[in-house]
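K.L.:
Now for the letters of each chain:
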Amino acid sequence: MMEADSPTWRVPPRWVLLVAVLMIVLAEVGGGAMARFKVELTRWARDGMLARPSVHGLVGVRDVDERILDEALVKFDAGLRLFHMHAEGMGLVIIATSMVAATVIRRAAARRTIIALLTTGGAGYPVGYLAWSALIPSYGLERSKTIAEWLVWVPFGTATIVALWCLAGLVAWTMISRNRA
Amino acid sequence: MTGRALLAPAALATLLALAATGAPALAHHVGAYVPKDNAVTTNFKQVKFSVQAEKFDVALRLFETGPLRAEMRAHAAALPSGLEDGTRAALATGDGPEVERRLMIFFAALSRDLALEADRQIARPDATAETRVATGRKFLEAIWRYYNLVDFAVATRDNTTSVAVRLAFDEAEAYVKPAATVGTAPADPAGLRKPLQRIAQVLSTLIELSSTPPRRNS
Chain A
688 MMEADSPTWR
698 VPPRWVLLVA
708 VLMIVLAEVG
718 GGAMARFKVE
728 LTRWARDGML
738 ARPSVHGLVG
748 VRDVDERILD
758 EALVKFDAGL
768 RLFHMHAEGM
778 GLVIIATSMV
788 AATVIRRAAA
798 RRTIIALLTT
808 GGAGYPVGYL
818 AWSALIPSYG
828 LERSKTIAEW
838 LVWVPFGTAT
848 IVALWCLAGL
858 VAWTMISRNR
868 A
Chain B
41 MTGRALLAPA
51 ALATLLALAA
61 TGAPALAHHV
71 GAYVPKDNAV
81 TTNFKQVKFS
91 VQAEKFDVAL
101 RLFETGPLRA
111 EMRAHAAALP
121 SGLEDGTRAA
131 LATGDGPEVE
141 RRLMIFFAAL
151 SRDLALEADR
161 QIARPDATAE
171 TRVATGRKFL
181 EAIWRYYNLV
191 DFAVATRDNT
201 TSVAVRLAFD
211 EAEAYVKPAA
221 TVGTAPADPA
231 GLRKPLQRIA
241 QVLSTLIELS
251 STPPRRNS
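As given, the protein sequences belong to chains A and B, one line each in that order.
Under this note's numbering, think of the first position of the first sequence as 688, with each following residue one higher.
Under this note's numbering, think of the first position of the second sequence as 41, with each following residue one higher.
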C-alpha cells in the first residue's frame, strides 16, 4: 500500500485542536456556571433591565411589565443555553472538519485557508449567543440581536459555511479526479 | 477499494450534511417565547377549575392562600365594595355562579383599569408615535390576558357587552399592527385611544350592572 493511499487520518495543526478543546471547555464551564449562578445571573439581568425602562419599553404597570421582563429573561437564558450547546458542538465540528481538510486537501494554501476559516468561524459563532445574552439588559432584545448578528453571527457563521462548502467541493473534486485516473 | 478512497465519500457526505444544516443557521435561531400565566391568572384557573369540579373546600383554600385574593385587596379601592368578602362567602357556601360572577367583575375591573392607564399613557405628548404604538400593543396584550379569562362568563350574562369589548379590542389592535404591505395605513396611536376608552366604558357599565346580585325568584 502506498503512503498516499494510507487510511490514516492526519491530525490538524495543534493550534486548531487547542482552539477546539478550549471551545468545549468553555461550553462546559458556561453550562455549569449557568446552572450554578442561575439566580445571580437572572437578578443581574433583571436589575439591568429595570435600570433602563425606556430601552425595554417598560410602562410602569406591573401587569404589562412583568411579561416584557419575563420574555427578556427567557431569551437571556436561551442565549446562555445556546452558547453552551453551540460551543460544545462547534468544538467537535472544528476537530472533525479540520481533520478531513488536513487529510484530504493536498494543496497547502487551500488546506491552510480552509482550516483557518473552519476554526475561526467555528470558534467565533457560539460567542455570538453569549454576546447576545450579555447585551440584552443594556440594549433590549432586538437591538442586541442585531449587534450580535452583524458583529459575530454573520461574519463567523459565513466563514464556517463557506469553508464547509469549499471543503465539500474539494473532496468531491478529489473523488472525481481519482475515478478518472 | 483503498482506505483513502473509502474515506473521501464518507467525508463528503458528512460535509454536505453539515453545510446543508448550516445554511438555515443564517436565520440565527434564538429560541421562541411562549407567554406564561402570571400568579394571578394561574390562581384564578385553579379556583375556577376547583369550583367547576364542585370542590369548594379546595377552591376556598386556593383563594384564601393565593395571589388572587392578595390582588383583590391591593385593588380594593377600584373594586365594588365587599367583592373579596363576597367571593369568599360564595366559596364557603358552595355558590358556583356567584363565585363566577364576582371573579368576572374582578377581571373586568383589572381590564378596565389597564385600558384607562393605556389611554392615559398614549395621550402623553412627550412620547414618539412608535413608543406610543408599542405601549398600546403591550397594554392590549395585558388587557386581553385578563379579559379573555372571563369573556365566556360575560357573554353568558350580557352578550352585547362581550361583543362590544371584542369589537373595540379588534379595532384597537388594527391601530397597533405594523403595516403589512405598502399602501396600508400605518400604526396610529391617536386612533387607538377611542377603542380603549370604549373598552373602559363598556367594562365600567358591566361592573356597575353586575355588582348587584341577581334577584332569585322564591
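Derived by calculation from the structure, the hints in this document are not laboratory data.
Note that the Cβ used here is the ideal one computed from N, Cα and C, for glycine as well.
A couple of the hints might just be wrong.
What the hints assert, rightly or not - Taking CB as the label site, the calculated pair distances span:
1) Leu-737/A <-> Ala-129/B: 16 to 24 Å
2) Thr-833/A <-> Ala-93/B: 21 to 29 Å
3) Ser-741/A <-> Ala-114/B: 25 to 33 Å
4) Val-761/A <-> Ala-50/B: 35 to 43 Å
K.L.:
For each hint, tell me whether it holds in the structure or not.
P.N.:
Verification of the hints:
For the hinted restraint 16 to 24 Å between Leu-737/A and Ala-129/B, the CB-CB distance of approximately 39 Å leaves it violated. Our hint of 21 to 29 Å for Thr-833/A and Ala-93/B is violated, since their Cβ atoms are close to 49 Å apart. A hinted range of 25 to 33 Å for the beta carbons of Ser-741/A and Ala-114/B is consistent with their spacing of about 26 Å. Checking the proposed 35 to 43 Å range against Val-761/A and Ala-50/B shows it holds: the Cβ atoms sit about 40 Å from each other.
The structure shown violates the earlier hints numbered 1 and 2.
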